[in-house]
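> Heads up: the sequence shown begins at 1 in our numbering, then just goes up one per residue.
Keep in mind that the hints are not guaranteed to be accurate.
Said to hold, decoys possible - In silico DSBU-like links for lysine-lysine, alpha-carbon gap of 30 Å or less:
| # | residue 1 | residue 2 |
| --- | --- | --- |
| 1 | 130 | 110 |
| 2 | 41 | 62 |
| 3 | 62 | 110 |
| 4 | 159 | 5 |
| 5 | 595 | 473 |
| 6 | 62 | 130 |
| 7 | 42 | 110 |
| 8 | 159 | 62 |
| 9 | 473 | 535 |
| 10 | 474 | 595 |
| 11 | 42 | 5 |
| 12 | 110 | 159 |
| 13 | 535 | 474 |
| 14 | 269 | 162 |
| 15 | 110 | 162 |
Said to hold, decoys possible - Quick list of the computed label-pair ranges, beta carbon to beta carbon:
| # | residue 1 | residue 2 | range |
| --- | --- | --- | --- |
| 16 | 252 | 135 | 45 to 55 Å |
| 17 | 303 | 485 | 42 to 52 Å |
| 18 | 135 | 235 | 50 to 60 Å |
| 19 | 173 | 323 | 27 to 37 Å |
| 20 | 217 | 482 | 47 to 57 Å |
| 21 | 299 | 232 | 16 to 26 Å |
| 22 | 621 | 252 | 31 to 41 Å |
| 23 | 510 | 303 | 31 to 41 Å |
The hints are simulated quantities; they were obtained by calculation from the structure and are not laboratory data. In this text the structure is predicted, and so the values were computed from the model without any measurement. From the three backbone atoms N, C-alpha and C, an ideal C-beta is built for every residue, glycine too.
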Amino acid sequence: MSRVKRLSAFVADQIAAGEVVERPASIVKELLENSLDAGAKKIEVRTEVGGVGLVCVRDSGKGIHADDLPLALERHATSKISSTDDLIGIESLGFRGEALASMASVARVKIASATSVDDGGWFVESFSGKIQNSGPTAHPQGTTVEVRDLFYNTPARRKFLKAERTEASQIDQILRRLSLAHMHVGFSLSQARTTGSSGRVNRPLMLVSGDPLDRLSRVLSPDFVENSIYIDESNLNLRLYGWVGLPHHNRRQMDQQFFYVNGRAIRDKLVGHAIRQAYSDVMFHGRHAVYVLYLQVPCDGVDVNVHPTKHEVRFRDARQVHDFIFSGLNRALRSLRPSEKLDGEFTLDPVASTANSLGVFAGPSRQTHFPRFMPSNDHPPGGLAQLAREYEQRSDGPGAGNDDLAAERHGQWSQERSGSSDFQSDQTESDEHPLGYAIAQLHGVYILAQNNQGLVVVDAHAAHERVVYEQMKKAQARDGIARQRLLVPLTFNVSEHEANLVEDYREQLDASGLLVERMGQVSVVVREVPVLLAKADIQRMVQDLLAELMEFGTSDTLSRSNFDVLATLACRGSVRANRQLTITEMNALLRSMEKTENAGICNHGRPTFVQRSMSELDRLFLRGQ
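All chains should be built: construct the whole structure from the sequences, respecting the hints.
Given below as C-alpha cells:
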C-alpha cells in the first residue's frame, strides 16, 4: 500500500476542474453567470467546434480592474463574497471563485476587460494554469473571455465529449435557459461548425431585451404563449409567478420545464414532485407539463452552496415550499373554466411592475389574448337528465322546455353583427353564459353552440365526463371516504424508517380511508382501505405512499388512485357518442360546464371545447376580402 502524499497543485486543480467544467456548455454557463453578475445588458457568445475549439463570451458589464485580472484566474478568488456570513444571503449567481481557475487548468484562457474609469483595457493569457502574457489592449467597458482548446492537456476527458452537434445543442440550451431568467438582457449566439470557418454558422440565435412574451415565444414557441396562463401567488415570505401551460399543451419529454429560485435555474426533486402533483388530475399519464416559473424565497431560506454546478438548492423549510408550489398551481389549474369572454384580454402589466425590481422582466408590458377564468360556483349533483330538467324549469334558459322555440330563437344569431337591437339583446344574454346556447348536434358527438363571439364546439362526452367527475369528488369530500374492512388483514415487511412513518402519519392515513398499523420493527398490517381501492394492489400502493412520504414528506398516491377510479366511473357514466341530445339537454350541459372546475379539460387531459370567433370564420370564407 502506497504512502499518503500531497497532490501537486496542477493535479489538484485538474481534479477540482472536473466538478465545474464537464463540457463546453459548463464553460458557457459559468461565463454567462459572471457576465450577469457584472450587470451586463448585452452578452455575445461565439463558439467553434461545439465549444471545444473556442468559447468566447463578450459582455457590457462593469469590467475587471487591470490589477485584479491575474487574481481572477486563481482558485477561490472572487469579488462576490468575503466571509462565511455572506453565504447566508447570496444574491449573485457565482460566488465560489472556482470557474475561471478551473477553465485555466484544462484550457487556454484569455481575458480582456476595461472598467468605466480605465483609459483603456488590459488583458491576461493563461496556459497550463499559469499566466503567460499580459498587457494593455483596446477594449470597451466590459469583459471578453476566450477559452480555447478545451481539455488539450487531458485527452482522456476529451474522448468523453459528444459529437459537435450535441455539444452545440447543449450550449444553445444553456443560453436559452438563462435568458428566461434575465429578460432585460440581450443575448446573441453564433456557432461555427469548424475552427476558423467563415460564413458557416450553425443556428444563429438573437434574443433582444424587452418584451417577456417575445422572449417566451422565441425560446419555447408561440404555441406556449397562446396556450399558457400567468400566475402570481404569494404567501408570507414566498412568491411564485410565471407561466404554466394549459394541461392539453403538454410534451412527451421534460425539455420545456424551466424553474428558477431567486433568478437561479435549478433542477429539484421536491419542486418537480409538487408540480407533477398539481397536474396529476388534469393531464395524461406519461406526459409532462410545460412551464416557466419563478420562486422568490428569502436568501436565508435557501442554501445554494450545495453542489459546484449550483443546479441544486436546499430549502430551509422544504415542506412549506412544496405545499406552497402545489397549492398555487392547483388553485390556478382548478380555476380553468369558460369565462365571461373565452378569448378575453390578459394583461401583463402586473408582471412588468412587480418583477422589474428583481431584474427578471424589464421592458414594456404587452397585452395579448389568453383565456380568462371565472370563480367557481357549486352546481347540483346528478346526471345529464337531471341537469336538463332543472335547466328546463328556469326561465332564463332559451329552451324553457321548447326545443323548437330555442332553435328559432338562436337562429336569429346568424344575422349580420350590425349592432341591431336584436343582436344587442342576445349579446347581453350571452355575456351571462360564456358558452352561449346550443343550436345543433354534429354526428351525435359534438355540440354546436353560438355566443356573442362566434362558434363554440363542445365534445359532449368529454365535457359530461369532467362534470360528472367533479360532482363525484365533491360528493366524496362532503360525505367522506367509504371504507371497507379487509376480511384477512394484509401484513408485509418494510424498512424500519418506513415503519416509523406509519406511526408518524397514522392520523393522515386514517383520514384518507387507510387503516394501517405497525406490527413490529419492520412490518405493518393494513386493516381497512377505501372502498373504491379494494381491488387495487394494496401492498404496492402502501409502499409507494411510504416512499413518497420518506422523500417529500407528503404523498398523493392514495388520492391519485382514488381519483383514477372516480375518473373511470365518470367516463362510463357519461353520455356516449351517437346519443341524440335535445336542445335542452345540450344547454344544460353547457350551463353545468360554466360552473365546473377544470371544465376546459376532460379527465384524460383532452380539451372539452374550442372557440372560433366570427373573425376567424370570416377569414375561412374570405368575407370582407
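> Next, verify each hint and record whether it holds.
Okay, the hints, checked on the actual structure:
no. : hint                     : in the structure
1   : 130 with 110             : 11 Å, holds
2   : 41 with 62               : 10 Å, holds
3   : 62 with 110              : 18 Å, holds
4   : 159 with 5               : 29 Å, holds
5   : 595 with 473             : 15 Å, holds
6   : 62 with 130              : 25 Å, holds
7   : 42 with 110              : 20 Å, holds
8   : 159 with 62              : 37 Å, violated
9   : 473 with 535             : 20 Å, holds
10  : 474 with 595             : 13 Å, holds
11  : 42 with 5                : 47 Å, violated
12  : 110 with 159             : 24 Å, holds
13  : 535 with 474             : 23 Å, holds
14  : 269 with 162             : 27 Å, holds
15  : 110 with 162             : 25 Å, holds
16  : 252 with 135: 45 to 55 Å : 54 Å, holds
17  : 303 with 485: 42 to 52 Å : 46 Å, holds
18  : 135 with 235: 50 to 60 Å : 55 Å, holds
19  : 173 with 323: 27 to 37 Å : 30 Å, holds
20  : 217 with 482: 47 to 57 Å : 49 Å, holds
21  : 299 with 232: 16 to 26 Å : 21 Å, holds
22  : 621 with 252: 31 to 41 Å : 36 Å, holds
23  : 510 with 303: 31 to 41 Å : 35 Å, holds
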